[in-house]
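Residue-level listing of the chains:
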Amino acid sequence: MSAVTTTPQAVGLPLPHESAALHVTGTALFTDDLVLRLPGVLHAHPVQSPHAHARVSRLDVAPAYDVPGVVRVLTADDVPGLNDAGTRHDEPLFPTEVMYHGHAVCWVLGDTLEAARLGSAAVVVDYEELPAIVGVRDAIAAASFQGAQPTVARGDVEAALVGAAHVFSGVTEMAGQEHFYLETHASVAVVDESGQVFVQSSTQHPTETQEVVAHVLGRASHEVTVQCLRMGGGFGGKEMQPHGYAAVAALGATLTGRPVRVRLTRQQDITMTGKRHGFHATWQVGFDDQGCLQALDVTLTADGGWSLDLSEPVLARALCHVDNAYFIPHFRAHGRIAQTHKTSSTAFRGFGGPQGMLVVEDVLGRCAPLLGVDATQLRRRNLYTPGQATPYGQEVRHAERAGLTWDQVVADGRVRERLAEIEAFNAAHPHTKRGLAVTPVKFGIAFNFTAFNQAGALVHVYKDGSVLINHGGTEMGQGLHTKMIQVAATALGVPLDRVRLAPTRTDKVPNTSATAASSGADLNGGAVKDACEQILARLDGIPGDTWEERVGAAYLQRVQLWAAGFYRTEGLHWDPATMTGHPFKYFAYGAAAAEVEVDGFTGSYTTRRVDIVHDVGDSLSPLVDLGQIEGGFVQGTGWLTLEDLRWDDADGRLLTHAASTYKLPSLSEMPPELHVALLPHAHEDGVVHGSKAVGEPPLMLAFSVREALRQAAAAFGPPGTSVELASPATPEAVYWALEKARTATQVVT
Amino acid sequence: MAEVIVNGTSRPLAGTPVHRSALDFLRGLGLTGAKEGCAEGECGACSILVARPDGEGSAWTAVNSCLVPAAALDGQEVLTAEGLGTPEDLHPVQRELADRGGSQCGYCTPGFVCSMAAEYYRTGRHANGHHDHEHGPNGFDLHALSGNLCRCTGYRPIRDAAWALGDPDAGDPLALRRAQPAPTPASTRLADGVGEFVRPGSLDEALALVADHPGATVLAGATDLGVDVNLRGARPAYVVAVDRLPELRQIAVDDPIEIGAALTLSEVERGLDGAVPLLDQVWPQFASRLIRNAATIGGNLGTASPIGDLPPALLALEATVVLSSPGAEREVPLADYFTGYRETRLRPGELIRSIRVPRPLATLTAFHKVAKRRYDDISSVAVAVALDVVDGVVTRARIGLGGVAATPLRALATEAALEGRPWMEATVEQAATVLAAEGTPMDDHRASAAYRAAMLGQSLRRTWAEVPA
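Protein sequence lines correspond, in order, to chains A and B. FYI, the numbering for the first sequence is 1 to 749, going by my numbering. FYI, the numbering for the second sequence is 1 to 469, going by my numbering.
Derived from the structure by calculation, the hints contain no laboratory data. By construction, the Cβ of each residue, glycine as well, lies at the ideal position given by its N, Cα and C atoms. Treat the hints with care, since some could be wrong.
Beta-carbon label-pair distances, calculated as ranges [claimed, not checked]:
#1 Asp60/A x Ala237/B: 40 to 48 Å
#2 Pro503/A x Trp163/B: 30 to 38 Å
#3 Tyr462/A x Asp89/B: 53 to 61 Å
#4 Arg137/A x Glu466/B: 34 to 42 Å
#5 Pro622/A x Gly166/B: 56 to 64 Å
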């Protein structure tokens with residue numbers, strides 16, 4: 001820190017989003033808002049397959065050219081480079097074999113979107129239908145798998161299960177989730193005056209978008225620049241999925257010389273782009289007489305959809321999170337990826353972590369009554385304590401925070417008193433039951449793939465003392481840019497309004513990682529701070545009473561006033577062959593207590609109250625972090641209760657392919673009482689300003705709602721009823737669960 | 001000349017394609033505030049404000065601009081988020097949302113701003129001491145935001161922003177605007193090579209146009225047609241807008257109660273003012289405020305969806321439909337009106353003029369909608385129950401069902417199982433079994449057939465639990 005500054009530290013201030021005033025006035029520009037600034041822009045429309053799996057036997061694009069306004073049809077023949085929309089070489093941009101219902105075969109460019117739409121309807125495609133596998137169970141039965149099949153293991157699972165006092169087994173299935181970012185995928189491409197391809201894209205991973213555009217065009221990366229102004233939500237859905245659409249826009253722009261806009265309609269977006277992986281799990285678990293976990297043996301099958309995309313790292317994270325916050329001495333989690341004829345499953349907030357954790361929460365929720373132990377006590381009893389290590393061999397740093405967050409949420413939420421109140425309420429209400437559950441979160445922070453844990457930044461100080469920062473991270477609403485401005489202002493000791501942040505572009509900061517894995521602030525914050533510190537070091541000893549005077553003097557002394565910053569996370573290693581190592585920089589902890597009320601007539605329910613204690617380290621930006629915690633929690637609740645992806649098992653069509661049929665949480669799902677506290681004294685050494693990542697972990701606090709629903713459903717039956725609950729726990733699912741519990745009553749009485 | 005007043009500036013409609021939505025029209029003007037999130041009126045990212053009649057004055061009314069054709073706004077006054085405030089001079093609604101973390105990605109935000117501004121300016125919104133989980137201490141009803149989706153915030157800061165709003169300043173021009181009448185509807189005729197949009201000035205003119213153009217598409221709130229245009233490529237050749245015809249916009253709380261077909265559901269709700277308690281149970285569960293501000297009661301019956309929420313209630317109320325044709329009028333009981341999947345007894349050339357609800361109203365009524373989400377979802381099953389119980393005996397039972405057949409229908413067997421029987425648990429249990437077997441429910445993405453059937457029976461048990469003898 002500069003010795004002369006008296007500016008209060010900007011880090012830690014509860015600031016609104018840096019673009020809030022633009023958001024609320026409709027003047028914050030998103031990619032598709034740029035269209036009006038592009039004279040002569042062409043609009044793109046896909047030709048989508050009506051089959052889940054088929055060979056394209058004939059493609060006749062000539063009729064499209066008879067439609068007035070159609071300018072060009074893009075097909076595989078137009079690709080000068082690689083016909084590949086991804087990085088695994090299994091996603092042809094223009095396929096000859098369609099792999100899911102809605103797969104785009106080719107794209108039509110028109111003077112208007114209407115012309116492109118009508119042109120796409122005129123394209124004639126003949127298909128030779130091939131057998132399709134839609135459901136994950138069918139894929140397992142047919143042994144339709146893709147990619148690696150790793151195992152995380154520790155101890156002697158067989159022996160521990162034999163020796164365990166109580167052994168249970170079961171199957172747990174969970175659905176995927178549509179991202180439903182409010183802004184659908186969008187890219188606009190132009191070829192500039194020097195022949196460079198400039199693509200503006202709603203992408204979480206500008207570098208990879210750049211690389212895919214480059215390989216499709218057969219050009220080097222330095223001929224392609226990708227910029228992301230901001231995204232209208234990403235949630236992982238724009239980590240790998242934007243590349244193909246950007247490539248279509250870029251290809252069209254190079255072929256026609258005109259700007260090309262690709263913006264998916266909501267239906268195109270839902271039917272074409274990837275979603276959260278649904279998972280299937282079989283498990284066997286052993287407990288001792290005190291209810292302590294002895295062994296867990298799990299096989300996880302991720303529903304990968306038609307291509308690998310990010311399924312392997314998603315599966316790896318799932319396997320590393322089956323333990324959640326619980327110590328399991330003997331452990332084996334085997335994983336595999338089903339190949340099904342559906343959209344390719346991809347990253348989604350939590351990245352497999354939630355799916356792995358759901359398994360152990362389901363196990364504990366189902367087994368607690370069978371063990372005769374209260375579920376809250378069972379969970380508390382099994383939490384990690386200091387000195388223990390995860391099944392993949394990483395010591396659980398700050399394991400005491402699992403217990404600290406838990407105990408604080410139990411105290412702040414008056415959980416013991418309310419459990420008694422709920423018991424009384426349930427006894428008095430035959431048609432309505434309440435449930436209250438507490439669940440923990442322990443989530444590993446860092447990309448499992450060590451190389452991704454690096455970031456760059458570019459900080460300019462101009463002669464007038466104003467500061468412009470660029471970094472490799474993208475803004476999707478998570479407040480990363482707000483935090484980066486705070487980091488730069490703090491590092492340089494200047495007021496916040498002296499710092500401006502420019503949009504993310506690959507020609508400013510190259511070779512960036514995806515803004516993903518919750519790591520945006522950790523990595524880019526480190527890089528911004530590094531750049532600022534380099535500049536400050538050069539200013540050392542330069543006289544001046546104010547920042548501006550020192551900057552001016554430095555310029556005259558020919559001191560370089562800009563710097564490129566770099567950061568890499570130290571201490572990480574991971575061996576994918578043995579699935580062991582130290583993949584995470586640290587763990588983020590949290591605990592939530594949720595109370596629900598279930599209507600016995602319909603299974604419908606409301607969440608009455610939620611208490612959360614969450615560990616964000618020393619918060620860089622408390623209002624931003626609060627927003628991530630609340631928003632993540634509600635999004636997780638949507639996944640677990642409401643959002644219901646339904647596929648037609650016969651023809652592979654997505655039946656819930658619009659906002660009218662796929663329901664995400666609305667205001668009616670917001671708990672009327674929502675109390676969020678940040679864990680105090682949570683400084684994290686070795687991370688920018690002692691902070692912690694916050695993007696993903698809070699999503700998994702929503703398990704508390706699912707487990708509370710289980711408790712409430714059980715309350716319709718006799719004491720000790722074990723309830724199996726589908727995921728998502730829709731009102732219908734809860735109704736069948738509580739009906740089953742009621743039947744249990746009849747058997748007993 | 002056709003024009004729309006957008007944020008106080010006249011914008012010509014000339015050259016606008018007939019089927020262009022108001023959303024695309026506004027965005028074409030360079031206004032980026034209204035955004036497309038779903039193009040079917042489900043997300044509210046496209047919400048704008050329109051000055052609509054309210055008594056002698058007007059109300060800033062939030063609607064989905066993706067559904068309404070630009071042509072339908074001819075002569076109207078429209079506000080977008082840009083018209084409410086600027087980054088340097090935020091509107092109070094914008095200020096509260098911005099300061100409280102109400103925006104994260106910002107894409108849904110301008111739509112929330114417009115929906116919230118409509119409630120901010122709602123005449124009659126005052127701090128009235130009534131504060132619950134849906135109503136703020138400032139009288140702000142969260143249902144005003146039921147048609148807006150946010151994927152980032154979890155809504156708590158948006159709610160807090162809404163509940164922190166005060167009253168508009170005395171000099172606020174948008175508040176003062178409410179004292180003036182809404183613009184009178186223009187006589188619009190707009191054509192391109194694809195279709196023609198006509199807004200007649202009177203019912204007789206409308207009937208003549210519809211008679212002269214077989215196959216004409218009648219447009220009211222556009223909440224159904226707009227979806228067909230946006231999602232299914234519908235491009236009707238001849239559109240007759242009837243939503244502002246004065247003859248279709250009368251309401252009489254009399255015997256019978258008569259409701260003009262072109263009144264929006266929000267207007268019906270205000271006009272009835274609690275006169276039909278069964279309908280008061282329907283309104284908060286019917287789509288969203290954004291949709292209810294546009295959708296009309298006549299349109300709801302005109303589209304004849306089997307999963308509409310209003311037909312079951314109107315069936316239970318024994319409503320009739322008044323159908324007009326040139327020089328003639330007839331009244332059809334709603335129970336006879338639906339003839340098949342989206343088919344009715346409406347003849348070519350006929351328009352729905354009004355809906356009549358006979359008095360006396362049943363003394364015991366209930367409406368049970370089963371859906372995944374509480375706000376703005378489509379029914380898996382909807383059941384409306386209207387019973388007269390005299391001296392402990394059910395003297396009249398009328399039950400309307402939605403979502404269990406190709407049409408909305410009356411549960412006639414269940415009605416028979418109730419009438420003449422004592423209103424007691426045994427009767428209810430027996431009738432619930434009968435009700436669970438009515439209709440022909442299907443499996444689909446909303447619910448299984450078994451759940452739908454179970455919910456039918458449960459609806460009667462629940463009615464009993466809520467209103468026992």
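**Asked** Which numbered hints turn out to be false for this structure?
**Response** 1, 3, 5
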